[in-house]
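Chemist: If you read the sequences in order, they're chains A and B.
Residue 95 in the working numbering is what sits at position 95 of the first sequence, and the numbering runs on without skipping anything.
Residue 72 in the working numbering is what sits at position 72 of the second sequence, and the numbering runs on without skipping anything.
What you were told as hints is all true, and nothing was included just to trick you.
Derived pair list, reagent style DSSO-like, types lysine-lysine, alpha-carbon separation capped at 27 Å:
hint	chain 1	residue 1	chain 2	residue 2
1	B	LYS102	A	LYS64
2	B	LYS102	A	LYS41
3	B	LYS102	A	LYS66
4	A	LYS64	A	LYS20
5	B	LYS49	B	LYS68
6	A	LYS14	A	LYS66
7	B	LYS61	B	LYS49
8	A	LYS55	B	LYS102
9	A	LYS20	B	LYS102
10	A	LYS66	A	LYS20
11	A	LYS41	B	LYS49
12	B	LYS112	B	LYS61
13	A	LYS20	A	LYS55
14	B	LYS49	B	LYS102
15	B	LYS49	B	LYS112
16	A	LYS20	A	LYS41
17	A	LYS14	A	LYS64
18	A	LYS41	A	LYS66
19	A	LYS64	A	LYS41
20	B	LYS112	A	LYS41
21	A	LYS41	A	LYS14
22	A	LYS66	A	LYS55
23	B	LYS68	B	LYS102
24	B	LYS61	A	LYS41
Don't read these hints as lab results, they were simulated from the structure.
These numbers come from a predicted model, not from an experiment.
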Amino acid sequence: GAVVSQHPSWVICKSGTSVKIECRSLDFQATTMFWYRQFPKQSLMLMATSNEGSKATYEQGVEKDKFLINHASLTLSTLTVTSAHPEDSSFYICSARLTGREAFFGQGTRLTVV
Amino acid sequence: AQSVTQPDIHITVSEGASLELRCNYSYGATPYLFWYVQSPGQGLQLLLKYFSGDTLVQGIKGFEAEFKRSQSSFNLRKPSVHWSDAAEYFCAVGAFTGGGNKLTFGTGTQLKVEL
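Pulled out of the complex, with its shape left as it was, chain A reads as follows (with noise of 0.2 Å):
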């Protein structure tokens, strides 16, 4: 299967800081990319679909200056958690691909603001 990369795997920052999540397809370009965001013991939750070189779609409730998406190339999306407190600290997941395929995701990327 496709791989997707994410990095990095764990950050730790300080309250009121921007953290910057990257997404990488390694082997395949992806014409669109989802940002997800998973509470302990819960389900994803899709936070925003991007699709190279246009904005990203949010999802309701979901703050689009408070996380920021950048699909500038058909390889690499991110997502800056900006101005970061406590309760923004999850696991974030991106997923990516092709037109008609399934979505390939990455490993995922643990937030602790402290």
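Following the hints, position chain B against chain A.
Modeler: For chain B alone, kept in the frame of chain A given last:
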């Protein structure tokens, strides 16, 4: 709106025993169905998928799933569970037409394997 229900939050089976994880979906059209597995602190790995055709699909690690349209179900099965199968399992439904890219996940089933 599409939705997925996984009725069992936790399941415990003995190693070597058979396994069935339940998944029911709600979707307005022909669904695309998936089963993913997640180990602690890890991303999701695709076990198998159903797009069309044969309703019994084979996946990796000896898993299979059967699509039953009349029951709106896509249950995951394995004849003999191994201790390494202990993980969280998610069923998902989605569409891949135009902008309808969203995957909707169930709440997951935590599988524990007793040795």
